[in-house]
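A.B. asks: This is what each chain is made of:
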Amino acid sequence: MAVEGLGVAVIPTSIVENELADGRLQLLATELKIPPLTFSASWLASPDTLAVELVADLAARIASETTAIVDAPRRARH
Amino acid sequence: MVDFKSIETFLWVVTLGSFRGAGQRLNTTQPAISQRIAQLERELGVKLLNRDHRVVSPTPSGRQLMVYAEKLIGLRAEMLAEVGERSAMRGVLRLGVAETIVHTWLPRLIKSVNTAHPNLSLEIEVDITPNLTARLLEQEIELAFLVGPLSASGVRNRVLCDYPVGALARPRQWPPENPGSREISDHHLSAQVPALRDRALAVQPARSAADPAACQRLARHRYPHGGRGPRGRRDPDIDR
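Going down the list, the sequences are from chains A and B. If you read the first sequence in our numbering, its first letter stands for residue 1, the second for the next number, and so on. If you read the second sequence in our numbering, its first letter stands for residue 1, the second for the next number, and so on.
Note that these hints are calculated values from the structure, not bench results. Accuracy of the hints is not assured; some may be wrong.
Footprint (simulated), chain B over chain A, 3 or more residues, beta carbon under 8 angstroms [to be verified]: (1) 8-21; (2) 33-42; (3) 46-53.
All values derive from a computational prediction rather than experimental measurement. Note that the Cβ used here is the ideal one computed from N, Cα and C, for glycine as well.
Based on the provided sequences and hints, a complete structural model is requested.
C.D. replies: Written as structure tokens, this is what we have:
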């Protein structure tokens, strides 16, 4: 809807990288400090969580690699 | 001969407090669960579970067995991790994912799981964080990637990533009184995104989601139109 010009979207910027890059959306400056969203892998403790922990480990590695890629050009611009 | 299957069944019946829950967890039927427990009781010659209440609870012998069952199943998992081939990891893992993750790195994770553990399949559902929390606590999913960490008891968390949140609009459209400006006042922003107003007022955003019923109430209250934001735009995860 924001792309259609129907309002302001307050969302994690990383999900609209393409729209920001090609100019369909722009980031507005705000006085309001919008806290970042922290994502976690969460599961219930039990004796057999091997598969769950393996997938959570992979996710942590991939998420940190992806975040590093997202952050790099942003830091470079500053 | 007492086998792993019956021990695992017993463990899940006690952990989940029901035959039905254990059946779902182990992908089998309630009668099959009853049969395994009955056989285990026959083999050990003692009664393991009290079935007279709606919630199944262990007898004193059942509690004793539970100590060993946890050790045995934990040790089996450790053995498989240490000794087994990577492809030995098999089965279905039910995973709940917040939308932001779907749009960022979920595809890479799926590929990587398929490569590293070809016999492990992911059953993925996408929902907002309060719903994922409720589903996790109800044991309907085994793992969730959500806005966390969760502080409910018995929940293990691993922080994955921080994503900056921004106010975004089509260029030269906002704010209406000054199109082309790249700034938006707090007033306008709060008017545009009522959810943010609550969030800005709260010094520490409420992070705990210990009570699934409360989560669902919150989800209903915040998303009265069935998962859609106040302006019809689905705001993934912003509001929890």
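A.B. asks: Determine which of the earlier numbered hints do not hold for this structure and return their numbers in increasing order.
C.D. replies: No hint contradicted; all consistent.
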